[in-house]
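*Asks:* Chains as they are written, first to last, in this note's numbering: chain G, 1 to 337; chain S, 1001 to 1332.
Where hints are given, some of them may not hold.
Each computed BS3-like pair below joins lysine-lysine, with the alpha-carbon atoms no more than 25 Å apart [to be verified]:
| hint | chain 1 | residue 1 | chain 2 | residue 2 |
| --- | --- | --- | --- | --- |
| 1 | G | K131 | S | K1123 |
| 2 | S | K1206 | G | K131 |
| 3 | S | K1273 | S | K1206 |
| 4 | S | K1206 | S | K1123 |
Just a sample of chain S residues kept apart from chain G, beta carbon distances all over 12 Å, derived [stated by the list, open to error]:
| hint | residue |
| --- | --- |
| 5 | A1025 |
| 6 | Q1044 |
| 7 | I1105 |
| 8 | L1107 |
| 9 | A1112 |
| 10 | Q1162 |
| 11 | V1167 |
| 12 | I1168 |
| 13 | S1289 |
| 14 | T1316 |
Cβ-to-Cβ under 7 Å is the rule here; a few derived chain G residues that face chain S [claimed, not checked]:
| hint | residue |
| --- | --- |
| 15 | L95 |
| 16 | K317 |
| 17 | S328 |
| 18 | A330 |
These aren't lab readings, by the way, just hints derived from the structure by calculation.
Heads up, the beta-carbon is just placed ideally off N, CA and C, and yes, glycines get one too.
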Amino acid sequence: MSALTQTRVAAPVTFWKAFVRRPEFITLSLIVIFCVVVGIISPSFLSIKTVTDTLRASLTTGIFALGVLLVLAAGGIDVSFTAIAIFSLYATTRLTLAVYPDAPYLLMVVVGLGMGLLMGLLNGYLVYRFKVPSLIVTIGTQYLFSGFLKAFIGSRHIMDIPKGLDLAGTTALIQATTSGGARVSVSIQVLVLILAIVVTWFILNRTLMGRAVYAVGGSIPIAERLGFNVSTVILFVFGYAGLLAGLGGMLHGALNRQANPSDLVGSELNVIAAVVLGGARITGGTGTVLGTMLGVILIELLTNNLILMGVPSTWQKVVIGAIILLASAAFARRGKT
Amino acid sequence: MRSLLSDHHLRFLIASLVVILVAAAILSSGQFLDPYNFQSMAVQVPEVGLLAIAIAITMISGNGGIDLSVVSIANLSAIVAGLIVRSSLGGAGQGTLYAIAFVVIALLVGTACGLVNGFLVSKGNFPPILATLGTQFVFVGLSVALSGGPSVSLGETEVFSQIGNGVILGIPIPFVVFILAVLGFSWVLTHSRFGFRLYLLGTNAKAANFTGINNNTIMLFTYTLSGVLASIAGIIIASRASSVKWDYGSSYLLIAILIAVMGGINPSGGWGKMLGVVLASFALQMLSSTLNFLGTSNFLKDFTWGLLLLLSIVLTGTRLSGFVKPKPVRDS
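So that you can see chain G by itself, here it is in the shape it has in the complex:
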């Protein structure tokens, strides 16, 4: 115990050195380089508005990414979370409109979370019960959920969403007018992301389940010998990813003020890329909340601000691809297996 306290005391001295060695440092450096370059080319980039816009764009991706992080850390992969998210949002919206149109947002979120959790648990159950790679299971469930939603629940785009959802999307936490006259606002939904970050960080770093997640991601036989119940861990990570997917879906609906059953599905690789750019290995056993958030910010900065750099829209994808490759090169050079 005393040894632990000692390292804590010594920490500030070596903090920077320790941080430079971490994979998050690469992500952070890329963000800083990107901001400096764009800032030089287009000074209007360096404004409060960029910060709030990036934050807004990162909300949904960030929540999805936290779920993906847990699954990746446990050595799995989940490509069904977008289908879960849009399923939760759309089914909840239809249910609310049919049964209780004045339902408060919180109640809707609870319903959405419940649906997400159930779908996530189904993923987890299939993975551990039938011992198949999770990529196979989640491709199957992605088709299943998204197909079920559109074939049986509805394929119509809902524009007039319930009041509760609408209000949750338009309420601002902070609102201000900058000197330039641009109105900036930070949605109340930021609190949801912060809550998700805190809870995920707590699970990964302060609970036995967090240890178990990394252990299972590192090596299943070793985790078993350490006494961890592997099936519980698998069920937990997929259930948690489903829960966050449901939450992200509700958030997506609130921010865009619509429920479109064809939304989101197809964007899962970008989220997975964000998590991997944040330093989590695709092979499992690693990954941090900080890195994941940095990865999300990097991806959102890239996809939303290249136009400011003077990159013609036709060449933007080339630049995004090049930066993804650059970041992967940086990770590959760190000598991982």
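Following the hints, position chain S against chain G.
*Replies:* What follows is chain S alone, placed relative to chain G:
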């Protein structure tokens, strides 16, 4: 035949094919069995089937192998070939020379793209999912930049359009190409030195290295082959559409992955057969044709595809652990 039925995965695929066929025949009161219907199915399978083979071989190579860039390679090779051929040979009799030039250029571009992927994954030590996601963006971006965005028409091309639309002995040419690719790859995987090494690499890269295999060379070759297969798919797509565009077949990527894993390819590497991929592509195509025939919602297709994949997991999975002692979880 005995070996066919002893593989529980192939058994499941064959059984589901039979069930779908019988159900479709009964529900459509025989109309489904019309040769014309089979011909139209045979036209639709090859494009995504070829991409599924490309993804399958990268999955077999292990190390989290996957090629997310196949669709973008298909479009890029068709666009480059289309633009070059149109500007140099366009108008001056779009005959055999036009077709040959298009095919050769497209294959060269596919090879080059595959080499880039292979280099990144082998020498560069990039995680395949990131490397091919990055190159996917780059290839799509190049396609957009070169073509300017909208589709580029190839005009009236007599010989070239035969590749996608022609028929030999009642069999559509794309299907012939697909079957030839399947036969070729099954031979390569089961009888050639490369195939043997590929499976070994996918099963245990370290062991493969200790037996004196140059893992990087095998990996480079695998991703290059994947690029070549993707460009063949691109040629067929271009020929059928008689135009090229950067976002043709944008839904194909996930379907190709779906076919590969449903065909019994293990995404963790070292396991899977070409026959499984073929049967899976047939099963999915028949399912969607059946639903089409019955006039059901288009979205029911996605649902049944997902259901079929999960069913294959549940049925073949229980067979694995039902009689023998359940194995500890290997992958999650």
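*Asks:* Give a verdict on every hint.
*Replies:* Hints versus structure:
1. Between the alpha carbons of K131 of chain G and K1123 of chain S the distance comes to roughly 32 Å, so the proposed pair goes past 25 Å and is violated.
2. Restraint check: the Cα-Cα separation between K1206 of chain S and K131 of chain G comes to about 24 Å, which is no more than 25 Å; the hinted pair holds.
3. For the hint pairing K1273 of chain S with K1206 of chain S, the CA-to-CA distance comes to about 23 Å; that is within 25 Å, so the pair holds.
4. The straight-line distance between the Cα atoms of K1206 of chain S and K1123 of chain S is roughly 16 Å, inside the 25 Å bound, and the hint therefore holds.
5. Consistency note on A1025 of chain S: stated as away from chain G, and its beta-carbon is indeed over 12 Å from all of that chain's, at 23 Å minimum.
6. Listed as a non-interface residue, Q1044 of chain S keeps its Cβ farther than 12 Å from every Cβ of chain G; the least gap is roughly 18 Å.
7. Distance to chain G confirms I1105 of chain S as a non-interface residue, since its nearest Cβ pair spans about 21 Å, more than 12 Å.
8. Non-interface status of L1107 of chain S relative to chain G is upheld: no Cβ of that chain comes within 12 Å, the nearest being about 23 Å off.
9. No beta-carbon of chain G comes within 12 Å of the beta-carbon of A1112 of chain S; the shortest separation is about 16 Å.
10. Listed as outside the interface, Q1162 of chain S is consistent with that label: its C-beta sits roughly 33 Å from the nearest C-beta of chain G, beyond the 12 Å cut-off.
11. Non-interface call for V1167 of chain S relative to chain G: holds, since the shortest CB-CB distance, roughly 32 Å, exceeds 12 Å.
12. At the 12 Å boundary, the C-beta of I1168 of chain S stays outside the reach of chain G, the nearest C-beta of that chain being 34 Å off.
13. Remark: the non-interface label on S1289 of chain S is consistent with the geometry, its nearest Cβ contact in chain G lying 16 Å away (cut-off 12 Å).
14. Under the 12 Å C-beta cut-off, the non-interface status given to T1316 of chain S relative to chain G is violated; the minimum distance is some 8 Å.
15. With a cut of 7 Å, the hint placing L95 of chain G at the interface with chain S is violated, because the nearest CB-to-CB distance is about 19 Å.
16. Because the smallest distance between the Cβ of K317 of chain G and any Cβ of chain S comes to about 3 Å, under 7 Å, the interface hint for this residue holds.
17. The closest approach between the C-beta of S328 of chain G and any C-beta of chain S is roughly 4 Å, which is under the 7 Å cut-off, so the hint is satisfied.
18. A least Cβ separation of about 10 Å between A330 of chain G and chain S goes past the 7 Å threshold, and the interface hint is therefore violated.
Checked against the numbered hints above, the structure breaks hints 1, 14, 15 and 18 and satisfies the rest.
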